[in-house]
Amino acid sequence: MAEAPDVDVVVVGAGPAGSCAAITLARAGLSVVLLERGPFPGSKNMYGGVVYPRILDGIIPNWWEEAPVQRWVTRRSTMLLTPTQALTVDFRSDAWGAPPYNGATAYRPDFDHWLAGHATAAGAQLLCSTTVTGLLRDASGKVTGVRTDRPDGDLTARLVIACDGVNSFLAKEAGLHGPVDAANYTLGVKETIALPKDVIDDRFGVRGREGVDVEILGGTSDVSGGGFLYTNLDTIAVGVVLKLPKLAAQQRRPEEIIARLKAHSAIAPFVEGGEIKEYSAHLIPEAGLSMMPKLAGDGLLVAGDAAAMCLAAGIWLEGVNFAMASGMYAGQAAVEAIGRGDTSLAGLAGYERRLADTFVLKDHRKLRRAPKLVLSDRVQHLYPQFVANVVEGMFRVENPAPKPGLRRIVMRERKAAGLRIRDLAKDAIDGARTFG
Amino acid sequence: MSMQPQSPWPEISFQDRMATARFDVGERAHIVVDGKACADCSTKACVVACPANLFVPTSDGGIVFNYEQCFECGTCYLVCNHEGAITWTYPDGGHGVVFRRT
Numbered sequence: 001m002a003e004a005p006d007v008d009v010v011v012v013g014a015g016p017a018g019s020c021a022a023i024t025l026a027r028a029g030l031s032v033v034l035l036e037r038g039p040f041p042g043s044k045n046m047y048g049g050v051v052y053p054r055i056l057d058g059i060i061p062n063w064w065e066e067a068p069v070q071r072w073v074t075r076r077s078t079m080l081l082t083p084t085q086a087l088t089v090d091f092r093s094d095a096w097g098a099p100p101y102n103g104a105t106a107y108r109p110d111f112d113h114w115l116a117g118h119a120t121a122a123g124a125q126l127l128c129s130t131t132v133t134g135l136l137r138d139a140s141g142k143v144t145g146v147r148t149d150r151p152d153g154d155l156t157a158r159l160v161i162a163c164d165g166v167n168s169f170l171a172k173e174a175g176l177h178g179p180v181d182a183a184n185y186t187l188g189v190k191e192t193i194a195l196p197k198d199v200i201d202d203r204f205g206v207r208g209r210e211g212v213d214v215e216i217l218g219g220t221s222d223v224s225g226g227g228f229l230y231t232n233l234d235t236i237a238v239g240v241v242l243k244l245p246k247l248a249a250q251q252r253r254p255e256e257i258i259a260r261l262k263a264h265s266a267i268a269p270f271v272e273g274g275e276i277k278e279y280s281a282h283l284i285p286e287a288g289l290s291m292m293p294k295l296a297g298d299g300l301l302v303a304g305d306a307a308a309m310c311l312a313a314g315i316w317l318e319g320v321n322f323a324m325a326s327g328m329y330a331g332q333a334a335v336e337a338i339g340r341g342d343t344s345l346a347g348l349a350g351y352e353r354r355l356a357d358t359f360v361l362k363d364h365r366k367l368r369r370a371p372k373l374v375l376s377d378r379v380q381h382l383y384p385q386f387v388a389n390v391v392e393g394m395f396r397v398e399n400p401a402p403k404p405g406l407r408r409i410v411m412r413e414r415k416a417a418g419l420r421i422r423d424l425a426k427d428a429i430d431g432a433r434t435f436g
Numbered sequence: 001m002s003m004q005p006q007s008p009w010p011e012i013s014f015q016d017r018m019a020t021a022r023f024d025v026g027e028r029a030h031i032v033v034d035g036k037a038c039a040d041c042s043t044k045a046c047v048v049a050c051p052a053n054l055f056v057p058t059s060d061g062g063i064v065f066n067y068e069q070c071f072e073c074g075t076c077y078l079v080c081n082h083e084g085a086i087t088w089t090y091p092d093g094g095h096g097v098v099f100r101r102t
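Those sequence lines, one after another, are chains A and B. Letter by letter, the first sequence follows residues 1 to 436 of the numbering used here. Letter by letter, the second sequence follows residues 1 to 102 of the numbering used here.
To be clear, the hints were calculated from the coordinates, so they are not data collected in a lab. Among the hints, a few may not be true.
Straight-line C-alpha distance at most 30 Å; calculated DSS-like pairs for lysine-lysine [what the hints assert, rightly or not]:
#1 A:Lys-172 to B:Lys-44
#2 A:Lys-246 to B:Lys-44
#3 B:Lys-36 to A:Lys-246
#4 A:Lys-372 to B:Lys-44
For clarity, every value in this text was computed on a predicted model and none was experimentally measured.
Input sequences plus hints: build the corresponding full structure.
Right, here's the structure in full:
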């Protein structure tokens, strides 16, 4: 390189991936600029749920003593809805209400801001209100920095780590993405609803900092997707996740789909009477492994949502943990590559190796079939009704008629739902292969 | 709006809903919509899908678009089936949606 670059590494985006990358790099003594287009880290970020923080143990010991958490998730419910029925599997663990905790609800503007604070404390330079408009490259095509919308805003580096979120224009500009397909994305829309803490505690059956996460299948009208409902300290969040092509192909708007979910007899008692404090929306890279871009190029690594690392696998819905881990591993690989003086694609191979050796790619590979199965028409539109009718048949007392027996109920409801045995068997095998 | 089942409490107006979110509006329109391209579009998927309801059909078959209360989600350009109709960038640094801290 003819001239020394401005910094060792530019990290684009101060979300959980970018901040964990910057923490790792700065602690290793490298010069790091962390760029954020919002006025503060987290200002552009929302999600539908829960931070699973285990990966933080190795980054910020005893993080739970300082992280801006709303509630610790001690109750996890999975709810199946039809227009007039609800079936809930509800799990509670006291262990999840004590250190080291399993999951937490948090406002992302709070959480991401806090995490970025650790990056600056480690020595990274955080530049907010700075939008990256493109990549800088040398004659060979190697990424050598970024262009920003600041005056004289070019910033050169040995390496760029793109943590620029679900739309990742940097990874696209670098040619790391295949054709962009709307079917790989869902739209998350959410209402944050204010209610007094004691009302939330009573409605959800929790005390103190205990919290609840409810994941909902079947509450999204004709659109494939899912719903969610979870507790913050003195607000609750309710929302839906909608598959884009299905959303586009019908006439109900996102806020109307939330309104219908909120009006459901199983949901209304949790949310009624509260005032909407904030309405928000964000895209989710839903399709998992099948939509992942190449994770590295010459002088470039991609982490977090920018690399489609959300895990949307039905009963598991995770993202922030994948972002934090992939950012940390990108940071480690960058330290290694810069130490050896080789930030080419080959020199950055340590990134993908780390992801492949850990949950980041292992979970995505194991559950690679899940996003498609979960959003399939039968799972979305036939099984909730079928299962709910079977359960209703089990518990309905039709005296003087005797109890029909489970087998007869299943066969009756299968026919009523128009489900073929062949499809049931296929999906059962599919399900076993997907989640087994 | 026909809603089945009926909401047990009054829904707020869309204007009031959007007023709950904070936007620090920049001078440059970060999304530009080519209304001529929209006139040929029969699906207009953006109209139903945009969570901020920023795409409004006009009587002559086009689209009027307002960038000011945009969540910057990306739904519109992904569902749009007319290449070039939507030019989508991020707002200038510091501008656009600002989600709330406690």
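Do the hints match the structure? See the list:
For the given pair, Lys-172 (chain A) sits about 25 Å from Lys-44 (chain B) by alpha-carbon distance, which is consistent with the 30 Å threshold. Proposed proximity of Lys-246 (chain A) and Lys-44 (chain B) is supported: the alpha carbons are some 14 Å apart, at most 30 Å. A distance of roughly 26 Å separates the Cα atoms of Lys-36 (chain B) and Lys-246 (chain A); the hinted pair therefore holds under the 30 Å criterion. Annotation: proposed proximity of Lys-372 (chain A) to Lys-44 (chain B) holds, straight-line Cα distance about 26 Å (limit 30 Å).
Checked against the numbered hints given earlier, the structure satisfies every one of them.
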